[in-house]
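> Here is what each chain is made of, one letter per residue.
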Amino acid sequence: MEALSQNYIVLAILAVLLPVAGFLRVLFIKNTSRAFFYAIAGISASFIISAYIFTAVWNNQTVHYQANWFTIGNTTISIGILINNLAALMMVLVTGISLLVHIYSLAYMKNDPLIHRYCGYLGLFCGCMLLLVIADNLLVLYMAWELVGFSSYLLIGFWFTKDAAAIAAKKAFIMNRIGDVGFLIGLFIIYTQFGTFDIQKLFGEQGLVGSAILHNGVWIAASGQLPAMWLTVAGIAFFMGAAAKSAQFPLHTWLPDAMEGPTSVSSLIHAATMVAAGVFLVARIFPLFNETVLLFIAITGVFTAFLAATIALTQNDIKRVLAFSTISQLGFMMLAMGTGSVAGGIFHLATHAFFKCLLFLAAGAIIHELGHVKEKENVDFDTQDIRLMGGLRKRMPVTFYTMVVASLALVGLPFTSGYLSKDAILIHSFEWAKSRGGLFKIIPYTALLVSWLTTFYISRLIFKVFFGEWRLQKKLNAIFSVHESPAEMKYPMIILAVFSLFFIFSYHPLLFEKSWILSGFDQAESLQRINAFHTIIPATVNLISLLIIYLCYRWYVKPGFAGVAQSNFFYRLSESQWYFDRIYDILIIKPVTQLWTAVYWFERRVVDGIVNLAGSFGIISSSVSAWVDKYLIDGIVNGVAVLAKRIGDFSRHFQTGRLQHYLVTMLFFVLTFFVLKYFTQLL
Amino acid sequence: MSLLSLIIFLPLLVGLVILILPASLQQKFKYITLVVTLIQLVISGFIYLKFDPSIAGIHQETQFQLVEKLSWIRLDLGTAGKLEIDYFLGIDGLSMPFLFLTSLIMAVAVLSSWEIKTNLKAFFALFLLLDAAIMGVFCALDFFLFYIFYELMLLPLYFLIGMWGGIRREYAAMKFFLYTLFGSVFMLLVIIGLYFSVVNPATGNHTFNMITMMDPANFVQGSIFSAAANLELFGISARLLAFIVLFIAFAIKVPIVPLHTWLPDAHVEAPTPISIILAGILLKIGGYGILRVCFSIFPDAASQSSWWIGLIGVVSIIYGALNALAQKDLKRLVAYSSVSHMGFVLLGIASGTVEGVSGAMLQMISHGFLSAMLFFLVGVLYQRVHDRDIYSFRGLATLMPAYSAFIMVAFFASLGLPGFSAFIAEAFTLIGAFSSESVNGWLPRWMAIGGSIGILLSAAYFLWTLQRMFFGQPRLKGGDNWLSQLSDVNLREKIALAPLALMALLLGILPSIAFDKMNTSVIEFVRFITS
Amino acid sequence: MIPLSHFLIISAVLFCIGLFAVLSKRNAIQILIGIEFMINAGVLNLVAFSRYDRINSGGQVFALFAIVLAAASVAVALAIILNVYKKSSTIDLSKVNQLSD
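Protein chains in written order, with the working numbering: chain Y, 1 to 683; chain V, 1001 to 1531; chain Z, 2001 to 2101.
Chain Y on its own, in the form it takes in the complex (with noise of 0.2 Å):
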């Protein structure tokens, strides 16, 4: 057993270089043609590894190893790995996704000059994912998590050439780096109260966390003790750093902008795995949040979903749409952490995952195919404006489907996987709010509603792409063809249509309850099971649902229907995105601005100027007193050499070469020599 443990353990960590190796490769060679086979190779193999890893890990065993990274002072932090069910699970995700996403990219960026780049970017995006699922330790957890935001920065960013995107990519790292701050802060607290790192030891069973207790207003754990409001803080803190990661309201502006990156990275990192990261932070810490947090986390979470449904509806970018889709179901599994559903939350990424990289890659293989046109028929228009698509439906039969899966799979209808955990969370959020009563109600009725706004914008995206006639042609009134993408794109959608199906996570296609995934998990709280909110629920919102559906047929398919008033207040509420941008320009930015200007300010004027006046006042007071030397004192000294002139010049008059003169003078003084000589002696 032990020696298998050692397998599972050299084997976690190949998986993680594997993908990386291609990254390092990338810095070194720059050759392009056999970049796509190394990446697959590494990826693959790291891919069976996790599988092979799951096996042996699932609701079997935790794969825990620690070694040595370095000492500071007495503290050792230690590096290792641990593969619980939730890393384990993770793994497989990441890995089987990324897979998909690789082989998609063959064709999506087959004629990208830079694809080597994109290869190794996408590498590290790997690496660094599976070392933040498997860390055992919130250091290397928390390097981890920094890596995949550099990563996604790269990603973001690989078409560094276009300024929108080298702008996204900064305020992508930007946003993140606040969540950042805020997950340091929480390290802080951790380290000082209980000095060390290990996930294993704080956050296991009779772990440190755990075993802490509150009392008289102090947070007391075996090594240390702080102030109560810490505890808070620290939960806060690493919250922040999730919601960063994850888009929640209000660091959630940088995600619609990330979809500047190429759509297979959108789907890998902005949809699928790495915006899950936060939902993934907060499952793994989830003992240290206190009912304060988990209530901030749940409201967070519910408006945040509620927030970006309301936006979805009115996005005209197909990727738009889709990233706010994002942010929304995101919101969901927050506000199952915060329901104290671990369980129903891990469920929901993972059904999330699969469905939502879906209906990215879907949307990446229109936009590929519209690429084809715009640049064979040579016209200018965009391609991810679904105002210009419609009635692709026949066009890319294949890509029509799986969308068509993917998309009930997000609204929820029943035989679908997104069927399963959004029951999980809307009903478990039901129960919560039944035991607590009173304004906690407001969460689950707004989850709902969230649900059918998102029936709404999903089914008029489908319907608008899809259906109807194609809108580019009738504007530019001519004939383009359009025909369904490669293989290399067309079987990874085919997989992930057929992993949005219920019978992936559960034999039983209506009972949420059956799921392997939620049997894998303990519930934080257990409530009491309240059997009528588990017919009349999802019977209500699926119902509720079609009736949308058929609406938004209405509306989008058949003529004659004028749309909203663009006018409209809500409209254009929506469709600015809630004015976050500008808010924040406004109150952030700008304030910000200023202050670094009047910082620099400050810095020549007062600051140097200080300095420099204290220069001008050396040089004044030096030539103060160069003015004494030369006047004063060099004044006394000339002074006397001068007078000694004077005394001269004037005796120099008495020189005259006159004999005469000689002898009148000398006759003068020998005179009054005499005659005062005589008179004193008179006297």
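In short, the hints are calculated from the structure, not lab data.
Just so it is clear, the structure is predicted and the values come from calculations on it, not from any experiment.
A couple of the hints might just be wrong.
[Unchecked claim] Label-pair distances were calculated between CB atoms; the ranges are:
hint: 1; chain 1: Y; residue 1: D163; chain 2: V; residue 2: A1402; range: 17 to 27 Å
hint: 2; chain 1: V; residue 1: R1168; chain 2: Y; residue 2: S622; range: 16 to 26 Å
hint: 3; chain 1: Z; residue 1: S2073; chain 2: Y; residue 2: F674; range: 53 to 63 Å
hint: 4; chain 1: V; residue 1: K1028; chain 2: Y; residue 2: V642; range: 56 to 66 Å
[Unchecked claim] Below, in silico cross-link-like pairs of lysine to aspartate or glutamate (DMTMM-like), each with a Cα-Cα straight-line distance of 25 Å or less:
hint: 5; chain 1: Y; residue 1: K30; chain 2: V; residue 2: D1488
hint: 6; chain 1: Y; residue 1: K162; chain 2: V; residue 2: D1488
hint: 7; chain 1: Y; residue 1: K162; chain 2: Y; residue 2: D585
hint: 8; chain 1: V; residue 1: K1477; chain 2: Y; residue 2: D163
hint: 9; chain 1: V; residue 1: K1328; chain 2: Y; residue 2: D608
hint: 10; chain 1: Y; residue 1: K162; chain 2: V; residue 2: D1389
hint: 11; chain 1: Y; residue 1: K475; chain 2: Y; residue 2: E488
hint: 12; chain 1: Y; residue 1: K474; chain 2: Y; residue 2: E377
hint: 13; chain 1: Y; residue 1: K558; chain 2: Y; residue 2: E469
hint: 14; chain 1: Y; residue 1: K590; chain 2: V; residue 2: D1389
hint: 15; chain 1: Y; residue 1: K376; chain 2: Y; residue 2: E291
hint: 16; chain 1: Y; residue 1: K162; chain 2: V; residue 2: D1329
hint: 17; chain 1: Y; residue 1: K162; chain 2: V; residue 2: D1480
Heads up, the beta-carbon is just placed ideally off N, CA and C, and yes, glycines get one too.
Please build the complex by placing chains V and Z on the supplied structure of chain Y, with the hints as guidance.
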């Protein structure tokens, strides 16, 4: 002659040789200097490997390594006793890392001296003199010797900035010189005061030995700096005053806000190799001095003033970062980022915790490598087109891919991306600062949180620069003319940059290579200053 | 017996005449004559006071000395005057002022 003397006097001797050699050989001088620095690098690498990490040093003379102690000046002053000045060298875990840092940075600085075209003889002679003085500062354990080396650094630096610098070089050189001199003149007063307060128990003479000064028992009863006497000068405790004076002297070098304004001017006007030395090593002498001198000799005053030092650290971090955000000149931006990053050092030292001090040490070493790299990179650009205005460039990533890759490494490493040394350093500095309130009550917790905002701001200015200068479609102020001049980094530049990047990466992935050698010393240091 | 005062008055008159000549005349010869007057006034005084030294006759001896010296100095002075004349072709002393600075 032992290794430390060799590492100090080798450059000095070769500098003299260069002065003697005929000017017709002046194209060879840079190779001679390079060889000297490489020999130094080998020696310091050897010292690193041979260094025994289990001995602390700090305040015990017997625990220092590679000690050389020769009596140097013995002057009989009659009733005033005997003047006792030793040639006293030795290293412990606090100084040894800096020897290696200095050797490596010096080698890189020589490689970037290829751009110097005028008066090569003087340049390299002064360069080697500077090298010797810096090495001396890190090795000296006699305060008099320390002061001599400390002042000796100023002379070559003044000329190196003033003669080979940019347009406003004279202003910058003068400012730098006066600033540093301002600090060190008052330091001299304290040194003399200490001399008259401390007696070597072995000989009964007054002494300049720093290690002797650290033991309160060696102070003469009733002398001015005696802790027991607790005399007052100008209304405050004499020891506190001496601490403040010494702190200001070293803090000017670090530099701290508001005594930092020499730095942007000096860095911007200095030629690239000197910028590299200034940022890479000179600033660390400030931090090293605070550890070795201020905190070790006056631990009681240190604990009284740690709150203020921490505050200065936090202010430096945020103030430097905000200023960096406002810059248009790339070199000035890097200079202000130095102010910000060195603030972490101060914060870590002020925390008085093992994590904080270790973090501060690592931050100094890491910043040494990274700032050298950044200044080198700015120098590369400036050398090609004689412009470093951020707004003059756009889309450089397309034109100079390898250069951009190095810039990305340097920028991301500097902004604290995990995997690079700055991350570990900054994280542990802040952790130390945060836990300080629980451990010894020196710093309040909000300071650590304030400091972490600096991490956010550093991401903002580096990424903004990256996006503004390197991404987007290429568009240059100098048009097609520049297009031909902007060649990618050549082999020599790669050779200079690669070790720096590698060291930053190595320290980020295996911080133990630094921590293992200094842990014992740091623990002992923290125990000593907080007891 | 002629009283001493008569000699002294005559010698004083002689001296004054000589002095006047020296101070007022421009011609070098005339000045020389003035000087001779003054010397002789002195000589006269020496002889006159000699009555108080009858044994050694010191006054008369000095008078003889003075006369010899006067003759010598006249010779030297005349030689100088001749040279001055040769150099500047005048013996008007107001015009010969090259000794002034």
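> Compare the structure with each hint and give your call.
How the hints compare with the structure:
no. : hint                          : result
1   : Y:D163 to V:A1402: 17 to 27 Å : holds (23 Å)
2   : V:R1168 to Y:S622: 16 to 26 Å : holds (21 Å)
3   : Z:S2073 to Y:F674: 53 to 63 Å : violated (26 Å)
4   : V:K1028 to Y:V642: 56 to 66 Å : holds (60 Å)
5   : Y:K30 to V:D1488              : holds (15 Å)
6   : Y:K162 to V:D1488             : holds (22 Å)
7   : Y:K162 to Y:D585              : holds (22 Å)
8   : V:K1477 to Y:D163             : holds (18 Å)
9   : V:K1328 to Y:D608             : holds (18 Å)
10  : Y:K162 to V:D1389             : holds (22 Å)
11  : Y:K475 to Y:E488              : violated (32 Å)
12  : Y:K474 to Y:E377              : holds (15 Å)
13  : Y:K558 to Y:E469              : holds (11 Å)
14  : Y:K590 to V:D1389             : holds (23 Å)
15  : Y:K376 to Y:E291              : violated (59 Å)
16  : Y:K162 to V:D1329             : holds (24 Å)
17  : Y:K162 to V:D1480             : holds (21 Å)
Going through the hint list in order, the structure does not satisfy hints 3, 11, 15.
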